[in-house]
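2 protein chains.
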Amino acid sequence: MIINWKKIAKNIYDELKINISEINWNKPKLGAILVWENSPSLRYIKQKNKWAKYVWIDFELKNFNNSVTEQELLNFIEKWNNDDEVSWYIIQLPLPEHINSEKVLNAIKPKKDVDWFHPENQWKVLIWDKTGFSPCTPYWVMWIFESLNIDLVWKEITVIGQSNIVWKPMAVMLMNAWATVISCNIDTPNIYKYTKKSDIVVMAAWVPGLLKLENINKNTIIIDVWFTVIEWKIYGDADFEKINNNWNLITPVPGWVWVLTVANLLKNTYKAFLQNK
Amino acid sequence: MIINWKKIAKNIYDELKINISEINWNKPKLGAILVWENSPSLRYIKQKNKWAKYVWIDFELKNFNNSVTEQELLNFIEKWNNDDEVSWYIIQLPLPEHINSEKVLNAIKPKKDVDWFHPENQWKVLIWDKTGFSPCTPYWVMWIFESLNIDLVWKEITVIGQSNIVWKPMAVMLMNAWATVISCNIDTPNIYKYTKKSDIVVMAAWVPGLLKLENINKNTIIIDVWFTVIEWKIYGDADFEKINNNWNLITPVPGWVWVLTVANLLKNTYKAFLQNK
Numbered sequence: 002m003i004i005n006w007k008k009i010a011k012n013i014y015d016e017l018k019i020n021i022s023e024i025n026w027n028k029p030k031l032g033a034i035l036v037w038e039n040s041p042s043l044r045y046i047k048q049k050n051k052w053a054k055y056v057w058i059d060f061e062l063k064n065f066n067n068s069v070t071e072q073e074l075l076n077f078i079e080k081w082n083n084d085d086e087v088s089w090y091i092i093q094l095p096l097p098e099h100i101n102s103e104k105v106l107n108a109i110k111p112k113k114d115v116d117w118f119h120p121e122n123q124w125k126v127l128i129w130d131k132t133g134f135s136p137c138t139p140y141w142v143m144w145i146f147e148s149l150n151i152d153l154v155w156k157e158i159t160v161i162g163q164s165n166i167v168w169k170p171m172a173v174m175l176m177n178a179w180a181t182v183i184s185c186n187i188d189t190p191n192i193y194k195y196t197k198k199s200d201i202v203v204m205a206a207w208v209p210g211l212l213k214l215e216n217i218n219k220n221t222i223i224i225d226v227w228f229t230v231i232e233w234k235i236y237g238d239a240d241f242e243k244i245n246n247n248w249n250l251i252t253p254v255p256g257w258v259w260v261l262t263v264a265n266l267l268k269n270t271y272k273a274f275l276q277n278k
Numbered sequence: 002m003i004i005n006w007k008k009i010a011k012n013i014y015d016e017l018k019i020n021i022s023e024i025n026w027n028k029p030k031l032g033a034i035l036v037w038e039n040s041p042s043l044r045y046i047k048q049k050n051k052w053a054k055y056v057w058i059d060f061e062l063k064n065f066n067n068s069v070t071e072q073e074l075l076n077f078i079e080k081w082n083n084d085d086e087v088s089w090y091i092i093q094l095p096l097p098e099h100i101n102s103e104k105v106l107n108a109i110k111p112k113k114d115v116d117w118f119h120p121e122n123q124w125k126v127l128i129w130d131k132t133g134f135s136p137c138t139p140y141w142v143m144w145i146f147e148s149l150n151i152d153l154v155w156k157e158i159t160v161i162g163q164s165n166i167v168w169k170p171m172a173v174m175l176m177n178a179w180a181t182v183i184s185c186n187i188d189t190p191n192i193y194k195y196t197k198k199s200d201i202v203v204m205a206a207w208v209p210g211l212l213k214l215e216n217i218n219k220n221t222i223i224i225d226v227w228f229t230v231i232e233w234k235i236y237g238d239a240d241f242e243k244i245n246n247n248w249n250l251i252t253p254v255p256g257w258v259w260v261l262t263v264a265n266l267l268k269n270t271y272k273a274f275l276q277n278k
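Chains A and B, in that order, give the protein sequences. Numbers given in my numbering equal positions in the first sequence, counted from 1, plus 1. Numbers given in my numbering equal positions in the second sequence, counted from 1, plus 1.
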């Protein structure tokens, strides 16, 4: 049974639209810096542009060609850091090899850091300081739980993953929400021992088909966070079709990931706008 | 069966002593700022002084009386931040109420931050950047595993706690070490379901006697991280006596906590000395 992510996303967008319509001084603006014109980045940026317009957030794309120097990029970041009209901005990754990505990402003003790359926002997740911005992917997972009215305090949640940007903040955010969290990595022996007993399983392993119907119980809710592309086909970590047919609540792969990630991006843009004003 | 923490601490001290004896330009120095002369702080400082001398680290105590202003404290911190001879320093908590502790702690130069209070060191734990300093308590727990030659990759570890300074970094450090981590909080229903099956249980709940012999299996290793004082007696979270008599490996409460925490403090002082030189 598919979790009604469209409704969840629509609620986020509609709430945002109302909030933003009530602002009577100026509009929030989301910026995007694109250096390398690879097609996933372009697709993602189109989505951002489309939904930003929908909620009346201005969107500005700054395009650099591949020969841009690190210093030119840093200068432009400095400009946007000091531009009161840009509430928040993103730097589309990957950057060309001649540019030190870490240095560039650390130059973003923490209060304008859309993708949770700045240390200041990272540690705020760890210490549960809600003035910081959360990484967009775990953030929408939390948003799903809220929309489904799930009280996490009494839930056992298995999180399977391997990354600094999704797996670890996801586990910490669930700990902050006072859930019981079982954190497995891709080498954990017999992960199914945990998934079979859990109320919720969050898959962020990037291993297609890792979770099958027989690895869960009849009440388990499955959040499949991202996807893997193999020969132009898109796979999640869970066997979506069989699990979906079996009444277990599950997020569909693909499609929805873009929409919810962008929704939270815009939600954070609004938050940044209020903090920076 | 008590984990031989004395041997572990002695190894740390002896290794440090050798490393420091080989330095031929100048000696590392640990500083301590004490404002409020409460007796636990004084006892802790005496331990630091004693063991610092043992490994040939200089120790300097700066004492302020209770009427010190926030600005005076910040000025002194600025002085030590810029003093090449002070490798690292601590600010003994709690501070008097008229002083903003967060502001004071954030003023410490990250590379001299002994107690892991600075954001920069906190996020380095989250992203597994080993140039940062680790919080001393979870750090010695990791040190115990290393000393016992335990390969964490194949272990299931239950961590029970509630704090930002021990529980969360402990869980994250174990995730970084690629263990399977079950994180329970003090409201988790039936924690014994997890403790009974785990290879290792780390108790940081501050609930005396929470873990009894019947809540573990015959191979479970128990790390009891801190202690609670009730009517002048000191209790750990685990029923030390019975568990100890039953061949389960366990850390003793009290006594050893001071020694290992101070050992890691001095280990970090040496690391800071090398980074700052």
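Heads up, a few of these hints could be off.
Distance condition first, Cα-Cα at most 30 Å in a straight line; then the derived DSS-like pairs of lysine-lysine [stated by the list, open to error]:
id, chain 1, residue 1, chain 2, residue 2
1, A, LYS104, B, LYS131
2, B, LYS63, A, LYS219
3, B, LYS80, B, LYS63
4, B, LYS272, A, LYS156
5, A, LYS197, B, LYS198
6, B, LYS63, A, LYS213
7, A, LYS198, B, LYS104
8, B, LYS63, B, LYS272
9, B, LYS7, A, LYS197
10, A, LYS47, A, LYS7
11, A, LYS194, B, LYS11
12, A, LYS104, B, LYS110
13, A, LYS104, A, LYS11
14, A, LYS28, A, LYS197
15, A, LYS272, A, LYS80
16, B, LYS110, A, LYS131
17, A, LYS156, B, LYS219
18, A, LYS197, A, LYS7
19, B, LYS198, B, LYS219
20, B, LYS80, B, LYS8
21, B, LYS110, A, LYS219
22, B, LYS219, B, LYS47
23, B, LYS7, B, LYS18
24, A, LYS198, B, LYS219
25, A, LYS80, B, LYS219
26, B, LYS18, B, LYS194
27, B, LYS80, A, LYS272
28, A, LYS243, A, LYS80
29, B, LYS219, A, LYS197
30, B, LYS272, B, LYS104
31, B, LYS197, A, LYS219
32, B, LYS131, A, LYS219
In case anyone wonders, no lab produced these hints; they're calculated from the structure. Note that this is a predicted model, so its numbers are computed, not measured.
To see whether the hints hold, each was checked on the structure:
no.	hint	verdict
1	LYS104/A - LYS131/B	holds, 18 Å
2	LYS63/B - LYS219/A	violated, 62 Å
3	LYS80/B - LYS63/B	holds, 12 Å
4	LYS272/B - LYS156/A	violated, 41 Å
5	LYS197/A - LYS198/B	holds, 16 Å
6	LYS63/B - LYS213/A	violated, 61 Å
7	LYS198/A - LYS104/B	violated, 44 Å
8	LYS63/B - LYS272/B	holds, 22 Å
9	LYS7/B - LYS197/A	violated, 42 Å
10	LYS47/A - LYS7/A	holds, 18 Å
11	LYS194/A - LYS11/B	violated, 40 Å
12	LYS104/A - LYS110/B	holds, 20 Å
13	LYS104/A - LYS11/A	violated, 36 Å
14	LYS28/A - LYS197/A	violated, 48 Å
15	LYS272/A - LYS80/A	holds, 21 Å
16	LYS110/B - LYS131/A	holds, 24 Å
17	LYS156/A - LYS219/B	holds, 28 Å
18	LYS197/A - LYS7/A	holds, 28 Å
19	LYS198/B - LYS219/B	holds, 10 Å
20	LYS80/B - LYS8/B	violated, 38 Å
21	LYS110/B - LYS219/A	violated, 52 Å
22	LYS219/B - LYS47/B	violated, 39 Å
23	LYS7/B - LYS18/B	holds, 16 Å
24	LYS198/A - LYS219/B	holds, 23 Å
25	LYS80/A - LYS219/B	violated, 62 Å
26	LYS18/B - LYS194/B	violated, 44 Å
27	LYS80/B - LYS272/A	violated, 38 Å
28	LYS243/A - LYS80/A	violated, 51 Å
29	LYS219/B - LYS197/A	holds, 25 Å
30	LYS272/B - LYS104/B	holds, 25 Å
31	LYS197/B - LYS219/A	holds, 25 Å
32	LYS131/B - LYS219/A	violated, 42 Å
The structure fails to meet hints 2, 4, 6, 7, 9, 11, 13, 14, 20, 21, 22, 25, 26, 27, 28 and 32 from the earlier list, while all remaining hints are met.
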